[in-house]
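Those protein sequence lines, which keep their order, are chains A and B.
Under this note's numbering, think of the first position of the first sequence as 1, with each following residue one higher.
Under this note's numbering, think of the first position of the second sequence as 1, with each following residue one higher.
Derived from the structure by calculation, the hints contain no laboratory data.
Wrong hints could be hidden among the right ones.
The list makes no distinction among identical chains, and a pair is therefore deemed to hold if it is satisfied within one copy or across any two copies.
As the list claims (entries may be wrong) - Here are the computed lysine-lysine pairs in the DSS-like style, where the Cα-Cα straight-line distance is at most 25 Å:
#1 K371 - K3
#2 K448 - K144
#3 K448 - K139
#4 K355 - K248
#5 K3 - K355
#6 K29 - K370
#7 K316 - K252
#8 K116 - K209
#9 K448 - K203
#10 K288 - K139
#11 K58 - K370
#12 K209 - K130
#13 K370 - K139
#14 K371 - K58
#15 K316 - K145
#16 K316 - K355
#17 K165 - K58
Computed from a predicted structure; not experimentally measured.
There are 2 protein chains.
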Amino acid sequence: MEKVDVLVIGGSAAGIVAAVTGKTHHPDKKFLLIRKEAQVVVPCGIPYMFGSLESSDKNVIADSAVTNAGIALKIGEAVSIDRQAKVCETSDGAVINYGKLVLAIGSVPFVPGWLKGANLENVFTVPKNKVYLDDVIKKLESFKKIVTIGGGFIGVEVSDELRKKNKEVTVVEKLPNILWSAFDDVISDNAKKILENRGVTIKTGSGVKEIEGDTRVRGITLESGEFIEADAVLLSVGYVPDTDIARKAGIKLNENGFIKVDEYMRTDSPDIFAVGDCVEKRDFFTRKPSNVMLASTACAEARIAGINLFSLSTLKTFIGTIAIFSTAIGDTAFAAAGLSKRQAMEEGFDVVTGKFEGVDKHPGSLPGAKKQFVELIASRECGVILGGGVMGGVSCGELINLIGLAIQNRMTVHNILMTQIGTHPLLTAPPTAYPVIKAAESISRQIKTRKD
Amino acid sequence: MEKVDVLVIGGSAAGIVAAVTGKTHHPDKKFLLIRKEAQVVVPCGIPYMFGSLESSDKNVIADSAVTNAGIALKIGEAVSIDRQAKVCETSDGAVINYGKLVLAIGSVPFVPGWLKGANLENVFTVPKNKVYLDDVIKKLESFKKIVTIGGGFIGVEVSDELRKKNKEVTVVEKLPNILWSAFDDVISDNAKKILENRGVTIKTGSGVKEIEGDTRVRGITLESGEFIEADAVLLSVGYVPDTDIARKAGIKLNENGFIKVDEYMRTDSPDIFAVGDCVEKRDFFTRKPSNVMLASTACAEARIAGINLFSLSTLKTFIGTIAIFSTAIGDTAFAAAGLSKRQAMEEGFDVVTGKFEGVDKHPGSLPGAKKQFVELIASRECGVILGGGVMGGVSCGELINLIGLAIQNRMTVHNILMTQIGTHPLLTAPPTAYPVIKAAESISRQIKTRKD
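Please take these sequences and the hints and turn them into a complete structure.
Below, the structure is given as structure tokens:
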């Protein structure tokens, strides 16, 4: 029987980061990472395998990310865990004794049970599985008409990539807009317009009644009765935790199958940690369960687990999920952090929003300058920033992280007004009209001048 | 006699922001901004007038930035202030009575008194003066060999721009490296190498003995005795506050001529505020006087003055200068915030540094991906982040602002390790290897594992 100090199950982002952080902080301990996939794809890079990346081999996380850190790697499937004996059995019959166990067992695409036709030939999902994805991508080559069900990030990104390969792509979304769970209207509307200008057909507010076909798909019927012809359908309506092995081991899950953890990422078994998509998320502001699954959140959880494996640090705990989304369509980036205005109002916050549109280089006459739009959402009571959205050039990817950092540290618009920022003609907005500060200023003024 | 509620003297970034913020927060008050320049140049854009911008007219701040906010604008020179009578006299003989006065009177290029030849023909400085700069740029067209004295940001940026116009440019810097006051060695060395690869000659550790010539310049002699031929010399060795009018009015200055202000940006006269380059800076960490002059710092001061004009806000005070520098040479951006390692050690901090080099898109095989290098400097005692430097693609401009925000809020490397960030293939580093977090992790590990 093999014996390790730390066994990590799962080789995607969360598993890798938990193992590497753990080993880095506990270099004397023996670590083993076990995963079922021969090769692991970069999760956020998956949509780009459908277009921009010439081969899925360009989207592989090198095993050296694990092995160079001094962590043993085993390809194989964990089939059972015995919490009392502290052992894990694998599909090849091996039994591994662990001191600490980290579950990074991830999620799988959600396929609605009620959706007729979901199992027809040429109906595909988008799992984190290179073998399956390579097969889908190859099959799609011979098809022309593709329908994507679901206008979230994966659905939108894959559709834009398929359009680059000249497919006739239709995105069907039940909600009133694409990217609805992340963005308020200004940003969603712009993303939709840009995507449409690139030739993608988008039908929002359109629920799917069924997927039609005999053995292979030939189209979908909307709730409205409209039929849309399709050679292939991509089903991209979310992911569910892949936690069977944890359930069988008696580890506590919530009602949706997510593993319950504390702020050190420990399950109800003191020596078993869990991180990533398989773990229950709780919203930073409300502590309500959240269904956000993001590699970046997973990695934050994984770092915290890795550090806390052998001794708890009150300085390094998970403070609740702050969804930070970013994407790009063409050369326009879209990003959001925290609550949207819609979400904040639904939760019951009295909110004030501030918007500003500037430029991302200055003067705006410089080559390559793009508009930069920022919206902040704050609590009227105290000016605490609840959320923000940005739209513009490539620097929006880090700009949203600045807003995210402010949110996580419960900063107010007053803090932002005092904040010193660095600006440069070729890199940022001008110091006189830095959009994040101007949006904060607008909120500060509204709070100050209101008459109750 | 004209009577206004608020008179702002100075029309560059700090004056504009003080006026606009003040008017925005106090819409019922009457504001007047007076400045001597017919047109105001974007200060950080000045170096790009020497090359990339086809005309200086592309680098002008539109007067509508002031007038659209409901602020009156007067072109003219303020010549004296009477603090008792609360009036300002201008060169055209007008007398303006103010309720509150904001001095945003800026800085002028420093010309060392001891430097022989500094007043020869074709020796130029780089003031914020469109008429002067237009003249310099026109004259430089006919010259080939140009020597820039001073390898700070202005010197480096102007030299790179002149090189684009095929000039033979030599930068002479007395300190051991270019951009020495902002960056540690890795970043300065890289900036120097890139600048040299673009054809600029750089001589560091080279003091200037004198500028040679009869009526017009013909070269410079270094302290080493070496002679460098030059058709023109650009003197770029810093700026000094332009505070004569304040001195004559009896407003308290420090020993270097900077106006002394409190944390609300008030001078020793209760109704007179001062902001920008003309104001004494104090370092955020040490409260020592600092000689950093940045438009972004000036604008932070100006916002605070504008808000505090009629009633003080303890939420909106100036917390001390955090220098946040950014620049770009070609398609590589360089930026720093807070203290460099060298400065922190000189101040007496026991520092730990963490470095990480990653990529700014992921997978790194995506088109346009660039290396992204991050260095953090933290206090060993508690992990508080004292400073940071970054190098990479265009997103470094906002990445340094994220680090700057962490510094201003006295965050630790432990905070950074818990931080959730957003990542996207086309916009950022991967979540598994986000350089800011990896650099913080390195420091956290060093603090944890040290044996005292």
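May I ask which of the numbered hints given earlier this structure violates, with the numbers listed in increasing order?
-> The structure breaks hints 1, 2, 3, 4, 5, 6, 9, 10, 12, 13 and 15; every other hint is satisfied.
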